[in-house]
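S.K.: Each chain, written out:
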Amino acid sequence: MSSEPIIELRHIHYSIALPDGERRAILDDVSLAIEPGTINCIMGTSGSGKTTLLRLMAGLIRPESGEVLIFGRDITALREPELNKIRREMGFVFQYSALFDSLSVGQNIGFALDRQRRPRAEIDSIVANLLGELGLSGLENKRPSELSGGMKKRVAMARALASNPKIVLYDEPDSGLDPVMTRVIDELILQMRDEKKTTNVVVSHNVHSIWRIADRVMMLHEGQMVADGAPREVEKLDVPVLRQFLEGRSDGPILVR
Amino acid sequence: MVKKKGMAPRRSPISPLFGPLSDFFLFFGQLVSLFLEGLWFVVRGRISVRATIRQMGEVGVGSLMVAIITVGFSGAVLALYSSVQLLQFGQAALAGGLVGKSLALEIAPVITGIVVAARSGSAMAAELGSMTVTEQVDALKTMATSPVQYLVVPRILATMIMMPIVASIANVAGLYGASVTANLGGISPTLFWRSFQDIVTIGDQLQGLIKTIPFGLLIALIGCRQGLTTSNGAQGVGRATTSAVVFGSMAIYITDFFISLITQDLTSLRQ
Ligand SMILES: Nc1ncnc2c1ncn2[C@@H]1O[C@H](COP(=O)(O)OP(=O)(O)OP(=O)(O)O)[C@@H](O)[C@H]1O
Ligand SMILES: [Mg+2]
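First to last, the protein sequences are chains A and B. For the first sequence, this note's numbering assigns the number 1 to the initial residue and increments by one for each residue that follows. For the second sequence, this note's numbering assigns the number 258 to the initial residue and increments by one for each residue that follows.
Everything labelled a hint here was simulated from the structure, so no lab data went into it. Because the structure is a prediction, the values reported are computed rather than measured. Possibly wrong hints are sitting among the right ones.
In the DSSO-like style, the derived pairs of lysine-lysine whose C-alpha atoms are separated by at most 27 angstroms in a straight line are [unchecked claim]:
| hint | chain 1 | residue 1 | chain 2 | residue 2 |
| --- | --- | --- | --- | --- |
| 1 | A | Lys166 | A | Lys196 |
| 2 | B | Lys398 | A | Lys197 |
| 3 | A | Lys142 | B | Lys398 |
| 4 | A | Lys85 | A | Lys196 |
| 5 | A | Lys166 | A | Lys85 |
| 6 | A | Lys85 | B | Lys398 |
| 7 | A | Lys197 | A | Lys85 |
| 8 | B | Lys398 | A | Lys166 |
| 9 | A | Lys166 | A | Lys197 |
| 10 | A | Lys196 | B | Lys398 |
Throw the hints in and build the complete structure from the sequences for me.
M.R.: In structure tokens, the structure reads:
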């Protein structure tokens with residue numbers, strides 16, 4: 001791994017204001033660099049800051065301090081039009097799908113393409129292809145409210161992939177999916193990497209699926225990066241929270257609240 | 258999780274006094290900045306005609322019947338009171354003009370504004386609010402789409418266009434209601450309409466209709482702002498919806514007062 005990182009976070013601090021006027025650190029000095037054309041999995045307990053990390057990468061929130069470099073450009077100070085140029089090269093799969101209620105499944109998936117004024121026929125064929133790949137053929141005209149949670153998740157994936165992004169950020173793409181569908185999604189992510197050369201950041205709790213797809217594994221714990229490396233290295237690390245997480249034990253340093 | 262102390266600005270002992278005031282300036286500032294951002298899309302012609310027409314339908318369908326009924330009955334009540342008074346003073350010939358002028362200048366625009374705030378302003382806050390808490394607004398942003406351009410501008414334009422239309426139809430309903438009760442009170446429809454024609458000018462009608470345009474702007478701007486700043490899930494959506502109606506109605510009465518003050522001064526100077 002020697003190429004320039006496509007995503008780089010440098011000493012990110014992010015905190016939120018609490019009602020009592022104090023601040024709570026969500027991310028505490030997080031740094032990472034992501035190589036193009038790889039699959040990078042971020043795991044961590046609930047509330048450890050994984051979603052926050054993805055939102056920073058998409059420019060949805062700005063860090064208190066630190067830099068977020070995408071394609072080598074620091075996006076923390078960019079204005080909306082400049083940021084949008086970068087976002088056109090990105091896909092984001094939201095944890096709770098975030099499909100547009102008022103649009104059909106087909107319009108959801110074709111949204112970004114429609115905004116780029118691509119021809120109708122082209123959009124329709126891309127949408128139909130993606131639906132086919134995700135086992136959702138024929139659902140174009142359904143409303144998101146008519147779908148199951150797992151179907152919504154797959155539509156959200158199709159929407160993120162439709163405009164052929166260079167970077168795809170997945171927030172728990174397999175939550176709410178059965179093992180078969182999880183496998184389908186994993187293979188799709190692998191296929192995106194191998195055929196389209198996308199760079200993928202995948203937030204996931206699913207240790208099995210992470211070890212199946214990851215080129216690199218990271219673990220966030222209480223806003224700090226506690227593990228980062230190739231799956232084979234991370235497996236052997238002797239970090240207590242990591243061990244507890246990988247072995248799925250309820251006793252250990254992770255506080256169960 | 259890690260707690261850090263001393264990073265937030267300390268609260269001064271007098272901040273409870275300035276709290277509401279600074280909240281108001283924050284609210285006002287956000288409205289102005291939302292307005293300017295929307296305006297910037299409009300001047301560059303980045304308007305979705307399709308979305309605007311759809312929103313016009315929403316505003317019209319939502320508000321027209323309610324506006325007709327409320328203004329219709331207000332006109333009726335106004336005519337009832339004033340015809341009784343005017344008959345006592347032997348001024349029955351003024352009834353149509355008086356009621357017509359009040360309807361055109363004040364009742365139709367303001368009540369229509371309240372109705373649209375209650376029906377459409379609240380619907381905007383609810384829709385945008387639920388889009389905000391379910392991250393649909395964030396999804397728009399990640400697809401390089403400005404929520405202001407895509408969601409706010411069509412709603413503002415649609416409300417500004419529909420307000421005068423709904424208000425003028427409501428105004429006609431109010432006049433009709435007024436002529437019916439004036440008749441019950443002993444003023445014949447012929448007398449009522451003649452007096453209306455003699456006293457109420459086209460200028461009055463226009464003045465009433467024109468002021469509904471800023472009302473429409475404020476209703477939609479406040480509805481959208483409340484929606485886009487929603488947090489705390491379903492409870493937050495409820496709060497955004499209610500506050501859109503409360504702030505929208507207050508904004509209508511306050512602007513109405515200032516518009517009336519300015520326009521009345523000018524007309525009396527001319528006489
Ligand atoms: N807008 C917000 N307001 C208040 N707290 C927030 C906000 N966003 C995040 N948090 C807090 O920040 C922490 C990290 O949130 P984040 O969503 O990044 O966690 P996560 O790792 O994605 O968790 P999960 O696995 O449950 O999705 C949580 O403790 C959460 O309570
Ligand atoms: Mg999350």
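S.K.: Provide an ascending list of the numbers of those earlier hints which the structure does not satisfy.
M.R.: Violated hints: none; all satisfied.
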